[in-house]
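Asker: Given next are the chains, with one letter for each unit.
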Amino acid sequence: MAVFSFASASGILASVLPYLPERIGRALLALPADLQDKIEEIRLRRGRPAMIHFGSDDLVLSEAGKPLVVEEKEILFTLQQAGNSSLYAYEEEIRNGFLTIAGGHRLGLVGQVAVEGGKIKTLRHPGGLNLRLVRELPGVGEPVLPYLLEDVGDAQRQVRSGLIISPPQAGKTTLLRDLARLLSSGLVQAGWRGVKVGLVDERSELAACYQGVPQRDVGLRTDVLDGCPKAEGIMLLLRSMSPAVIVVDEIGRPNDVAAIAEAINAGVALLATAHGKDLDDLRRRPMFRELLAAGVFQRYIILSRRLGPGTLEAVLDENGRPLAPFGGRRGWGRNMAGPNGVGGEPK
Amino acid sequence: MIKVGGSLIILFVSTSLGFQMAARYVRRTAELGQLQVALKTLESEIAYTLTPLPEALLRVGALTGGPVGQFFSRAGQLLAEGQRLTVAEAWTMAIREAAGELALQARDLQIILDLGNRLGGLDREGQKKYLEQALARLWQEELASLEGEKKYVRLWRYLGFVGGLAVILLLL
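Chains A and B supply the protein sequences, listed in that same order. When we follow this note's numbering, the leftmost residue of the first sequence carries the number 1, and every step to the right adds one. When we follow this note's numbering, the leftmost residue of the second sequence carries the number 348, and every step to the right adds one.
Keep in mind that the hints were calculated from the coordinates and are not lab data. One thing to keep in mind: the hints can contain errors.
As the list claims (entries may be wrong) - With beta-carbon atoms standing in for the labels, derived distance ranges:
no.: 1; chain 1: A; residue 1: M241; chain 2: B; residue 2: K475; range: 54 to 62 Å
no.: 2; chain 1: B; residue 1: L410; chain 2: A; residue 2: V213; range: 26 to 34 Å
no.: 3; chain 1: A; residue 1: N96; chain 2: B; residue 2: Q480; range: 26 to 34 Å
no.: 4; chain 1: A; residue 1: M241; chain 2: B; residue 2: D461; range: 34 to 42 Å
no.: 5; chain 1: A; residue 1: G117; chain 2: B; residue 2: A394; range: 15 to 23 Å
no.: 6; chain 1: B; residue 1: D461; chain 2: A; residue 2: G117; range: 30 to 38 Å
no.: 7; chain 1: A; residue 1: V213; chain 2: B; residue 2: Q367; range: 51 to 59 Å
no.: 8; chain 1: B; residue 1: G413; chain 2: A; residue 2: G11; range: 42 to 50 Å
no.: 9; chain 1: A; residue 1: K121; chain 2: B; residue 2: Q381; range: 31 to 39 Å
no.: 10; chain 1: A; residue 1: S240; chain 2: B; residue 2: E472; range: 30 to 38 Å
no.: 11; chain 1: B; residue 1: T388; chain 2: A; residue 2: E232; range: 30 to 38 Å
Said to hold, decoys possible - Below, a list of computed lysine-lysine pairs in the DSSO-like style, where the Cα atoms sit at most 27 Å apart:
no.: 12; chain 1: B; residue 1: K475; chain 2: A; residue 2: K121
no.: 13; chain 1: B; residue 1: K387; chain 2: B; residue 2: K476
no.: 14; chain 1: A; residue 1: K73; chain 2: B; residue 2: K475
no.: 15; chain 1: A; residue 1: K119; chain 2: B; residue 2: K476
no.: 16; chain 1: A; residue 1: K121; chain 2: B; residue 2: K387
no.: 17; chain 1: A; residue 1: K66; chain 2: A; residue 2: K38
no.: 18; chain 1: B; residue 1: K387; chain 2: B; residue 2: K475
no.: 19; chain 1: B; residue 1: K476; chain 2: A; residue 2: K73
no.: 20; chain 1: A; residue 1: K121; chain 2: B; residue 2: K476
Ideal Cβ positions, reconstructed from N, Cα and C, are used throughout, including at glycine.
Taking the hints into account, I'd like the entire structure generated from these sequences.
Answerer: What follows is the structure in structure tokens.
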């Protein structure tokens, strides 16, 4: 029960140590510094050794040469710290399977579920936690930004609607976040001043709000609706916040389409992401066929993991013709420095 | 003359000791009552307003006052300070610190300690249930304490006085 401090920690790890049990914290700090910087996930499973994941590799944490087996009270400790000692106030988040902590990192949780009416009611016995560290890579959207801007005469420019198409874990959320920031805050090199951006952050992943305040830099002129269903969020923003651009993550449900159509009709540009390999992949899916045929998006940005997460494959125009065959511009990767040489410290 | 003076002093001390013992019974009943009111407030903070626990405890502490209130305030303070304590740890620490000031008996404290192991947990209904259980047990203790009061308050007061007399007689 002694007061324990991890004063020696720095960087991204320091922001999550207050949430971790003492033994885990010590084991993490005993890792080489370059490995500490690469950690993407910290996994705690009750009765099994704690692990970290980085890149496509993982490692079992050890204590005095033996695997560090996680105890029930350590799971509880982390949960209580993440839930401000008041987990009862986070029922909705627990039903969705994760809590967002200060710094925007996410704590995913599994265990024995209590079900009521076919839906998850609560988690009776938390059995495993996944602390996902979120890194910001400011600047990754810079090469893409010019393709989203359209000259409309009188030195005026407006934003085109764009769709980022990418398989999982290829960096679409990271790119989307940075594009939202650039569209909102402006970019001097591109002579772009910035416009009002409305962001519907259904899964609290883009802005990573903690008590309503974005923990990631999503731009100066950005209004965030945290934890809000996309379709309703889009309508609310249209009614009340007069955005020039609406940014949403992972479209793909039928009622998203109606809301998107509404936004386009209102003359608002839309920036979204979709799971998929390429444009043809999306065209095969009924839900997207309609959206694509309506010509909602003027630009398609294709990402892959070919050269690591964030490999920019191509930017396509409204007809699917490549404007810029990036041909696999170096991915930013999670373990590499960002394009600005910034390693992605939380802001 | 000295004998008379000494006897009076002995009688005064033993009588006030008896009264103090008797007062503990009265205070225990009062504190059990305060605890129940405090836990009821805590219940509504948790189940209806969803106030975070540290804040809820501080609020309950301020409303309750006295040694019982101090216990709640202290537990809230320990949690709010972010000292890497679980709810159960902070709760136990607070009750240990407050125990000296409280007239509550070990069995009363045990009810509170049991509750601390459950507080801050995952489901709202569970929280309500545990609080209600604790309330029911405290109510039982309060009834028992009232019974005890009737019997022992007078007993201790007499005992103090009579005990004093007995000591004086022996010394004479």
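Asker: Does the Cβ-Cβ separation between G413/B and G11/A fall within 42 to 50 Å?
Answerer: holds, 47 Å
Asker: Assess, step by step, whether the Cα of K66/A is no farther than 27 Å from the Cα of K38/A, and give holds or violated.
Answerer: Holds, at roughly 23 Å.
Asker: Is K73/A within 27 Å of K475/B, Cα to Cα?
Answerer: Distance of about 22 Å is within 27 Å: holds.
Asker: The hint says 26 to 34 Å between L410/B and V213/A; measuring C-beta to C-beta, is that right?
Answerer: holds, 30 Å
Asker: 30 to 38 Å was suggested as the range; check whether the CB atoms of T388/B and E232/A agree with it.
Answerer: Between T388/B and E232/A, where Cβ atoms are some 36 Å apart, the hint holds.
Asker: Assess, step by step, whether the Cα of K387/B is no farther than 27 Å from the Cα of K476/B, and give holds or violated.
Answerer: Distance of about 12 Å is within 27 Å: holds.
Asker: Is the straight-line distance between the alpha-carbon of K476/B and that of K73/A 27 Å or less?
Answerer: holds, 22 Å
Asker: Between K119/A and K476/B, does the CA-CA distance stay at or below 27 Å?
Answerer: holds, 22 Å
Asker: Taking the beta carbons of N96/A and Q480/B, is their distance inside 26 to 34 Å?
Answerer: holds, 29 Å
Asker: Between K475/B and K121/A, is the straight-line Cα distance small enough, at 27 Å or below?
Answerer: holds, 16 Å
Asker: Do the Cβ positions of G117/A and A394/B conform to the proposed distance bound of 15 to 23 Å?
Answerer: holds, 21 Å
Asker: Cβ-Cβ distance between M241/A and D461/B: within 34 to 42 Å?
Answerer: violated, 49 Å
Of the numbered hints listed earlier, those contradicted by the structure are 1 and 4.
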